[in-house]
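4 protein chains.
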Amino acid sequence: MSDNTYGKVFRVTTFGESHGPAVGAVVDGTPAGLPLEKSDIQKYLDRRKPGQSEFTTKRQESDEVEILSGVFEDKTLGTPIALLIRNSDQRSKDYSEIKDIYRPGHADFGFDQKFGFRDYRGGGRSSGRETAGRVAAGAVALKLLSSFGITVQAFTRSIGPFRIEDPEPDISKAAGNPLCIPDAGVFEKASEYVENIMKEGDSAGGVIECRIEGLSPGIGEPVFDKLDAELAKAIMSIGAVKGFEMGDGFRAAESLGSENNDPFINVDGRIAKESNHSGGTLGGMSDGSPLIFRAALKPTPSISKPQKTVDSSGREREIVIKGRHDPLIVPRAVVVVEAMAGIVISDLILRNRTARI
Amino acid sequence: MSDNTYGKVFRVTTFGESHGPAVGAVVDGTPAGLPLEKSDIQKYLDRRKPGQSEFTTKRQESDEVEILSGVFEDKTLGTPIALLIRNSDQRSKDYSEIKDIYRPGHADFGFDQKFGFRDYRGGGRSSGRETAGRVAAGAVALKLLSSFGITVQAFTRSIGPFRIEDPEPDISKAAGNPLCIPDAGVFEKASEYVENIMKEGDSAGGVIECRIEGLSPGIGEPVFDKLDAELAKAIMSIGAVKGFEMGDGFRAAESLGSENNDPFINVDGRIAKESNHSGGTLGGMSDGSPLIFRAALKPTPSISKPQKTVDSSGREREIVIKGRHDPLIVPRAVVVVEAMAGIVISDLILRNRTARI
Amino acid sequence: MSDNTYGKVFRVTTFGESHGPAVGAVVDGTPAGLPLEKSDIQKYLDRRKPGQSEFTTKRQESDEVEILSGVFEDKTLGTPIALLIRNSDQRSKDYSEIKDIYRPGHADFGFDQKFGFRDYRGGGRSSGRETAGRVAAGAVALKLLSSFGITVQAFTRSIGPFRIEDPEPDISKAAGNPLCIPDAGVFEKASEYVENIMKEGDSAGGVIECRIEGLSPGIGEPVFDKLDAELAKAIMSIGAVKGFEMGDGFRAAESLGSENNDPFINVDGRIAKESNHSGGTLGGMSDGSPLIFRAALKPTPSISKPQKTVDSSGREREIVIKGRHDPLIVPRAVVVVEAMAGIVISDLILRNRTARI
Amino acid sequence: MSDNTYGKVFRVTTFGESHGPAVGAVVDGTPAGLPLEKSDIQKYLDRRKPGQSEFTTKRQESDEVEILSGVFEDKTLGTPIALLIRNSDQRSKDYSEIKDIYRPGHADFGFDQKFGFRDYRGGGRSSGRETAGRVAAGAVALKLLSSFGITVQAFTRSIGPFRIEDPEPDISKAAGNPLCIPDAGVFEKASEYVENIMKEGDSAGGVIECRIEGLSPGIGEPVFDKLDAELAKAIMSIGAVKGFEMGDGFRAAESLGSENNDPFINVDGRIAKESNHSGGTLGGMSDGSPLIFRAALKPTPSISKPQKTVDSSGREREIVIKGRHDPLIVPRAVVVVEAMAGIVISDLILRNRTARI
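Line by line, the protein sequences are chains U, S, H and Z.
Numbers 203 to 559, taken from our numbering, label the letters of the first sequence in order.
Numbers 203 to 559, taken from our numbering, label the letters of the second sequence in order.
Numbers 203 to 559, taken from our numbering, label the letters of the third sequence in order.
Numbers 203 to 559, taken from our numbering, label the letters of the fourth sequence in order.
Wrong hints could be hidden among the right ones.
Derived pair list, reagent style DSS-like, types lysine-lysine, alpha-carbon separation capped at 25 Å [said to hold, decoys possible]: (1) 507/S / 401/S; (2) 277/S / 301/H; (3) 210/S / 301/H; (4) 277/U / 375/Z.
Hints listed in this document are in silico derivations from the structure and should not be mistaken for laboratory results.
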């Protein structure tokens with residue numbers, strides 16, 4: 203039961219293999235009447251697009267989206283919004299020689315075990331290209347959220363060992379930065395680090411942080427579909443993510459209750475929290491503070507250094523991965539994190555409409 | 203849309219408030235023919251039961267399960283298995299005085315914001331008692347997994363600052379230990395630490411690690427329902443969990459690709475991995491190595507130290523929480539982690555049955 | 203994948219075998235704040251209860267419901283409402299002799315084929331007793347609908363060949379009638395007919411009609427989850443139902459468009475329809491007219507006349523069914539039809555809350 | 203919550219408005235390894251295509267399908283299969299004058315009530331054109347079923363008052379027939395009848411019957427997702443369908459149990475039924491006999507006779523519908539019935555794979 207749909211009310215289904223004719227998404231459950239134009243979606247796809255800096259793959263994709271349905275006179279109809287992105291620069295021959303070899307750190311082996319065979323061209327459905335559909339769909343979600351006054355902003359908190367220590371950096375500075383690092387000093391060190399890694403044919407990971415503001419308290423469902431749980435799933439479903447934490451996260455495990463509990467206070471007649479160790483959720487529901495979460499991304503598995511592996515017959519082999527690959531996926535994943543967060547929040551806000559009689 | 207169901211094929215629905223008549227679960231989707239007796243479930247509930255050591259709440263609950271349906275002649279029928287656990291020791295009056303006050307770190311405020319009112323007795327549905335239903339349901343899952351030769355074992359990796367450094371401790375030693383710490387030295391320090399915290403009316407957190415062995419490769423769905431993503435959601439849906447990581451997790455963000463990639467090797471004709479930085483998943487599917495994940499639990503929010511907060515009218519108040527509370531929830535959560543992991547794996551294994559023609 | 207849940211937002215899960223400890227339901231998704239007491243549910247169960255007239259099984263069941271969760275201070279909490287009905291009068295020995303024989307018209311053969319074995323006592327989960335859970339859950343739905351000013355009323359349109367010809371009989375007269383026939387003349391003929399059938403150890407079927415008033419236009423989803431489609435599924439999922447029609451139904455297939463189209467008119471400033479051939483739905487959405495649908499129920503398969511059949515080894519056998527059975531299920535199914543209709547409408551009304559921005 | 207997805211394991215999502223850029227479907231959950239080519243899908247679309255006889259709309263659509271994903275080297279990958287059909291002959295201006303008027307028998311009023319506005323061009327998403335996506339998706343299902351040896355064949359049982367009385371006509375004769383009537387005599391009368399109706403600017407309805415052979419017993423889920431219930435929903439979700447019956451259907455309501463029960467017999471060592479009043483289902487599961495069901499279709503609502511209606515401001519108006527419309531939809535709906543039946547059966551067969559341990 204391969205289920206390529208995320209969400210219960212705001213429902214996103216993605217499709218497409220890396221080197222097939224197209225990738226895309228169907229967004230079902232968007233309320234009718236939301237203003238939506240192609241440019242609302244394109245601007246997010248443009249941020250994800252490869253080839254924008256020295257740090258990303260050289261694959262060229264225009265990644266132009268076509269809205270196939272669900273929008274009429276620039277407003278959503280309440281019907282499914284199908285979004286199509288053609289694959290244009292498919293150099294499938296790059297992959298034929300790894301057709302029968304399992305790349306370390308990749309999904310190849312699992313696909314063969316699960317399905318009996320796989321589309322080996324560019325990783326097929328396990329390619330990072332699959333996230334284009336997520337970003338297109340997420341753009342619809344983020345547009346919906348912006349109509350409710352909610353903002354979702356992610357940035358690179360760290361690359362390898364280089365980390366922004368300021369708890370609240372000015373995220374707006376991440377926008378123009380090739381590594382999405384809103385801190386000039388850390389950017390300088392990180393970019394030098396990545397350049398060196400690239401020279402060695404190696405790759406790096408990092409941590410993305412996301413901040414969501416404007417969410418009313420009470421969003422999220424108390425038991426299995428907690429706000430934190432849904433975010434964790436959505437973010438961990440992005441290819442390279444290996445860890446997720448909310449607010450203080452792993453550090454909370456070392457705190458005392460008296461330190462970790464955020465006192466409630468009254469700010470101009472509104473109930474608020476004095477601190478935000480919780481990262482904006484209590485009991486799985488938003489608590490009125492900004493949502494803060496972090497995702498740990500492993501280094502890109504495609505490296506050009508020789509690696510030990512086996513082929514599909516089990517014979518041990520050495521592999522040297524060619525083709526066009528990102529030495530680190532973190533900066534391109536920033537917008538994917540925003541997209542997935544947007545989808546989760548949109549879904550939970552709509553679900554919340556039936557909470558009361 | 204409050205959805206209290208987890209899973210797509212193996213589906214668990216829990217119900218019950220802490221101080222209502224009962225808690226429980228309906229397990230739908232268990233294949234027919236699985237041997238199942240009450241004792242298979244009771245033994246897990248007994249591990250979760252309060253009052254078993256100095257480190258847990260003094261609330262007394264027999265937590266005896268009744269199988270209401272779905273089992274006939276000690277075998278599952280393929281129909282829903284309803285599991286009932288009566289609440290017996292409800293001292294609701296303990297809670298009447300906090301009826302209108304929002305406890306810091308608790309779900310009270312969110313519930314009121316979401317639903318307009320709440321069952322304030324013992325946290326209602328946000329109580330840790332809700333996990334009894336999860337454990338009962340998880341016991342069915344774990345029985346199913348054991349019939350497939352799969353084992354799920356969790357333990358306490360750390361309490362506050364005290365952590366087991368051995369990457370692979372002997373988990374079987376966690377069983378008899380009041381803190382579920384399979385390391386005598388760490389246990390000694392941690393228990394002393396917790397005793398001091400209890401004296402001060404404070405609370406502690408910690409990290410639980412879980413190891414799953416015997417899983418074939420290819421389990422998990424490649425896009426949104428990745429094995430890691432489903433585990434992340436299930437584990438983050440447990441009350442106090444604020445962080446989740448798979449394999450090297452957050453440390454992977456600092457590694458190089460050449461370090462993090464696990465080479466494939468041939469072990470006696472079987473494809474295996476030489477190392478396990480991935481924690482047993484690649485591309486969202488099991489890769490044949492043991493699954494390893496960790497959950498960070500925040501300190502219990504119920505502390506008896508005076509705290510600053512507000513009441514439902516927004517007036518600032520001081521609160522001193524009385525009643526019977528756990529100074530740390532980690533040891534009792536170990537079996538809840540196993541239960542939720544069991545549910546996830548059972549669901550994904552059954553889902554995998556339709557992967558191929 | 204045995205899925206015993208109905209609904210997407212208002213979600214009902216039933217459980218229980220006929221001769222196990224209990225049957226029941228978990229109702230998830232009821233908005234918080236709905237007044238709900240045990241008597242709101244009990245009154246519907248009492249209508250379904252066996253042993254109320256000469257025309258129904260002699261099995262005695264008090265069918266008393268216990269609300270296990272989800273209600274606090276007589277209002278719904280927004281959390282799952284678990285409803286428990288103990289089985290009390292289980293004469294399982296009546297069934298031991300048909301353990302290995304497939305009763306014609308029953309689910310026995312299918313259960314064995316599907317699951318490998320079955321709970322043969324009283325049909326297990328395929329028993330009409332399973333509908334007690336539906337009725338209990340449906341009572342919650344009907345209470346919710348009544349809070350919105352919506353009424354759901356079903357009655358017996360025909361028993362065997364005896365049919366009420368009046369298109370709009372006074373449904374309130376069905377209430378006290380043992381056959382739920384709101385027409386004295388038809389009742390007289392039908393009851394005589396059933397009495398004769400009972401003497402011969404045979405059984406009868408009939409048609410139930412249901413009328414729903416007070417529904418706003420636009421309820422129902424335009425494509426797969428059309429109002430008619432959801433009603434059809436819910437009603438066809440009741441044991442003996444073999445046909446379903448909406449409005450003119452099968453007769454519409456013989457009409458001309460000019461006859462079948464209901465003209466829109468303006469009634470005191472409100473858009474309405476001059477006729478109601480559609481039965482209250484257009485394009486899968488409510489059109490403002492009363493919903494009218496009919497269900498055809500086959501005769502009860504349990505008859506005491508000797509029948510030809512086979513046993514589980516395939517040997518041909520003669521069977522004479524003993525035990526306590528209904529000679530016709532139609533009157534007891536009337537409240538089940540109301541319950542299922544209530545569940546469908548509640549679900550679709552709540553789903554409609556996210557139709558617009 | 204507009205949910206445009208059908209099925210739980212074999213999942214079909216359709217999208218597209220009649221006069222937007224395209225219609226299509228995403229088929230998720232097809233097992234990997236099924237041979238599938240464009241022609242497998244195109245041949246079903248060609249049967250649905252308009253303009254093939256004097257009895258259908260003159261709208262010209264090539265209805266050529268493009269497979270965007272999920273297929274590699276002519277085999278399914280186990281990933282979503284996205285199917286795209288461009289709209290080519292959109293004469294939107296035909297509709298501008300009915301932009302504010304509610305056509306009797308159409309979904310216009312419901313759409314406005316639900317969503318606040320609508321794509322009035324050709325009915326938007328409520329157009330019969332939406333079924334192109336269903337047929338494309340259904341073709342994948344029917345290919346899957348054929349790989350299991352299961353056949354699905356529908357035909358026109360009646361048009362208006364003209365009905366094939368033979369209980370088992372030779373369905374293969376329906377293929378070349380413009381009305382899909384496999385009986386020369388009935389065809390002659392029916393076609394004359396339709397020609398007269400067309401002259402008067404009126405429309406007709408009819409009954410479609412479907413027969414499914416080769417299904418093992420035990421398919422279908424015992425409670426809510428009964429085989430009959432799922433078929434009822436799927437078929438009632440097709441635009442004009444107002445009634446559904448299984449086997450004897452409404453006639454069963456007039457039978458005695460001794461007549462309606464099908465005796466089990468042993469045929470060459472296999473358990474079978476001597477008759478098939480049940481239409482191939484018992485207790486919601488297949489019983490080994492052919493599945494037989496019927497759908498009643500209302501006359502097409504678009505007629506050119508003047509009709510009474512209102513506009514969106516509530517003013518009473520007369521409407522004369524222009525444009526290109528089918529005088530009866532029955533023959534084009536035959537393949538839609540097969541498609542939907544194929545989707546249901548595929549889903550339930552795959553779901554059945556987890557019935558036993």
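So, going through the hints one by one against the coordinates:
Under the criterion of a C-alpha separation no larger than 25 Å, the hint pairing residue 507/S with residue 401/S is consistent with the structure, at around 10 Å. Restraint check for residue 277/S and residue 301/H: satisfied, since their Cα atoms lie roughly 16 Å apart, inside the 25 Å limit. Using a Cα cut-off of 25 Å, the hinted pair residue 210/S and residue 301/H is violated, with the two alpha carbons roughly 33 Å apart. At most 25 Å may separate the alpha-carbon atoms for a hinted pair to count; residue 277/U and residue 375/Z exceed this at roughly 47 Å.
Violated hints for the displayed structure, listed by number in ascending order: 3, 4.
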